[in-house]
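The hints should help you fit chain B onto chain A, whose structure is shown.
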Amino acid sequence: MSTTIAPPAARHGIPPGPRAKRHTVTTATGESATARWILIGTALAYLFLFLGLPLFVVFEEALKKGVGAYFTALRDPELLHALRLTLLVAGIAVPLNVMFGLAAAWAITKGRVRGHALLVALADLPLAVSPVIAGLTFMLLFGMQGWFGPWLKAHDIQIAFTVTAVVLATIFVTLPFVARELIPLMEEQGVTEEEAAVTLGASGWQIFRRVTLPNIRWGLLYGVVLCNARAMGEFGAVSVVSGRIRGQTTTLPLHIEILYNEYDFTAAFAASSLLAMLAVVTLAAKHLLERSHHAARARLIQEQQERQS
Amino acid sequence: MSVALERVSKRFGEFVALDDVNFTVDEGELVALVGPSGSGKSTLLRVVAGLERQDAGTVKIHGEDAAPLGPGDRRIGFVFQHYALFRHMTVFENVAFGLRVRPRGGRPSAGEIKAAVKDLLALVELDTLGARYPSELSGGQQQRVALARALAVQPRVLLLDEPFGALDARVRKQLRQWLRQLHDEVKVTTILVTHDSEEACEVADRVAVMHEARIAQVGTAAELLRETANPFLESFLAESTRKSEAVKANYH
Numbered sequence: 001m002s003t004t005i006a007p008p009a010a011r012h013g014i015p016p017g018p019r020a021k022r023h024t025v026t027t028a029t030g031e032s033a034t035a036r037w038i039l040i041g042t043a044l045a046y047l048f049l050f051l052g053l054p055l056f057v058v059f060e061e062a063l064k065k066g067v068g069a070y071f072t073a074l075r076d077p078e079l080l081h082a083l084r085l086t087l088l089v090a091g092i093a094v095p096l097n098v099m100f101g102l103a104a105a106w107a108i109t110k111g112r113v114r115g116h117a118l119l120v121a122l123a124d125l126p127l128a129v130s131p132v133i134a135g136l137t138f139m140l141l142f143g144m145q146g147w148f149g150p151w152l153k154a155h156d157i158q159i160a161f162t163v164t165a166v167v168l169a170t171i172f173v174t175l176p177f178v179a180r181e182l183i184p185l186m187e188e189q190g191v192t193e194e195e196a197a198v199t200l201g202a203s204g205w206q207i208f209r210r211v212t213l214p215n216i217r218w219g220l221l222y223g224v225v226l227c228n229a230r231a232m233g234e235f236g237a238v239s240v241v242s243g244r245i246r247g248q249t250t251t252l253p254l255h256i257e258i259l260y261n262e263y264d265f266t267a268a269f270a271a272s273s274l275l276a277m278l279a280v281v282t283l284a285a286k287h288l289l290e291r292s293h294h295a296a297r298a299r300l301i302q303e304q305q306e307r308q309s
Numbered sequence: 310m311s312v313a314l315e316r317v318s319k320r321f322g323e324f325v326a327l328d329d330v331n332f333t334v335d336e337g338e339l340v341a342l343v344g345p346s347g348s349g350k351s352t353l354l355r356v357v358a359g360l361e362r363q364d365a366g367t368v369k370i371h372g373e374d375a376a377p378l379g380p381g382d383r384r385i386g387f388v389f390q391h392y393a394l395f396r397h398m399t400v401f402e403n404v405a406f407g408l409r410v411r412p413r414g415g416r417p418s419a420g421e422i423k424a425a426v427k428d429l430l431a432l433v434e435l436d437t438l439g440a441r442y443p444s445e446l447s448g449g450q451q452q453r454v455a456l457a458r459a460l461a462v463q464p465r466v467l468l469l470d471e472p473f474g475a476l477d478a479r480v481r482k483q484l485r486q487w488l489r490q491l492h493d494e495v496k497v498t499t500i501l502v503t504h505d506s507e508e509a510c511e512v513a514d515r516v517a518v519m520h521e522a523r524i525a526q527v528g529t530a531a532e533l534l535r536e537t538a539n540p541f542l543e544s545f546l547a548e549s550t551r552k553s554e555a556v557k558a559n560y561h
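Line order of the protein sequences matches chains A and B.
With the first letter of the first sequence counted as 1, position 249 gets the number 249 in my numbering; the numbers rise by one all the way through.
Every number in my numbering is 309 more than the matching position in the second sequence, counting from 1.
Note that these hints are calculated values from the structure, not bench results.
Predicted model, so just to flag it, every value in this text is computed and none were measured.
Careful, some of the hints might be misleading.
Residues from chain A shown here face chain B by an in silico Cβ test under 10 Å; the list is partial [said to hold, decoys possible]:
#1 Thr-192
#2 Glu-194
#3 Ala-196
#4 Thr-199
#5 Gly-201
#6 Ile-207
#7 Arg-210
#8 Val-211
#9 Asn-215
#10 Gly-219
#11 Gly-243
#12 Ile-245
Computed spacing ranges between beta-carbons, pair by pair [to be verified]:
#13 B:Gly-415 to A:Glu-188: 33 to 41 Å
#14 B:Thr-437 to A:Glu-188: 27 to 35 Å
#15 A:Phe-148 to B:Lys-423: 32 to 40 Å
#16 A:Val-281 to B:Ser-318: 54 to 62 Å
#17 B:Ser-318 to A:Glu-290: 48 to 56 Å
#18 B:Arg-384 to A:Val-281: 48 to 56 Å
#19 B:Lys-482 to A:Leu-127: 47 to 55 Å
#20 A:Glu-188 to B:Glu-315: 32 to 40 Å
Where is the CB? At the ideal position from N, CA and C, for every residue including glycine.
Isolated chain A (complex conformation):
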């Protein structure tokens, strides 16, 4: 088959010279195509090396001894207990930190609270402190020899090395995520919509429910996703306070480490794949929510245009 279409220059027998060079595509920022491809290539290689490859290896290792071995490992009662515990801990820590995050962000940005800089700094503390140290602090407070130790013992309350301790440590570590997401967003949005609502006779709850919350919902959702991911994946603090009582206080990340130390790689990576899938599910849920929102919005605009034409 012969080509019938040739570039004009070729048809006229003109060799591509300096003229062609002038038509090189450049972007608004002016870098050349080569530079662009190097940048994109580097970013992709980096992503693959540090994100894609590890994720792939997890599943590869988990399935190394076949699908049968993989599912046998997943049916292990201790692993299932760890999974349930992880979901329970996240199920308690995330809602509590959503409430805290909303309250703190509201107080700081809309409520003109005194000393809000201190509150912001305090909310950042868990990000700055190593989780292991956070865990040790909890032990100092609630452990046998800790500050509240004698009192707790006298009242027959055990906190250290229990699920309660795991929950408390997780709440501490995941505390900043929602607040951190909301504070800049709400700061940027200001208070005039709330002021407009109050002059129209809305109550405090109505303002929050109908004005503030809809305006921050995407930021809030993102904060929840981050908070949830951290709550399910937390290792350091939980490792210290849980005492790693197998089948009782071990969350998924702790259980994975135990399996790994016992050279049970198939089980370790099978459990890891569960954790990875939980993360993927969280992200997918966020993505779907966003998409359905945008789709609903697009439909609405279309309906409008049809009505008008």
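Here is chain B on its own, set in the frame of chain A:
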């Protein structure tokens, strides 16, 4: 007397925003509050609305002390410089908001709300745009939505805080004439805050000039242009005087 401020003072830290201000607005009147930025005119408006609490003095709305009333109970309509429309709601929902948040007993039915919003959108000449979102409207259109939203609660007093300040000059002129017509139609007591003395003189029945946290002078546009009380006013109103021929023709 529709609105009366008696010896009202307000400071923010060291800054004195209102210094012993006395000011009254009659029923159905459109008064413009004019002055340079920082002269306290916006604070005065926010004190009337209840968005700020005065440190001293009394605010009366229809003869009743407003002190025990929050902003939601004062039956005022407030229009903000940057519209402050609810960005996630359609134009229709924005206007309906004040009716929808009423306590169960006093809340109109869905049909009544629909009819009321339709009338209001017709009043501000935006009947076809009810399903749009604020971001899809021009600045002038957004401000008319804000006005319709404020009027929906049938306010006793309408408070406009630099309502045309964010609009370009041409739209500003149009809207200002339109506001005057609207006021003649609706006849609701209105306080308009502006830093543009020409705008104040053209639109308002009376103009109050604010200077350094006090009301320096009050009068009709023609009165103010004829006899200014002090050098500050003279210079502030000079720009108006230059283009006052049309204004004078209106008021003589």
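For a quick check of understanding: which of the numbered hints are violated here, in increasing order? 10, 11, 12 and 15
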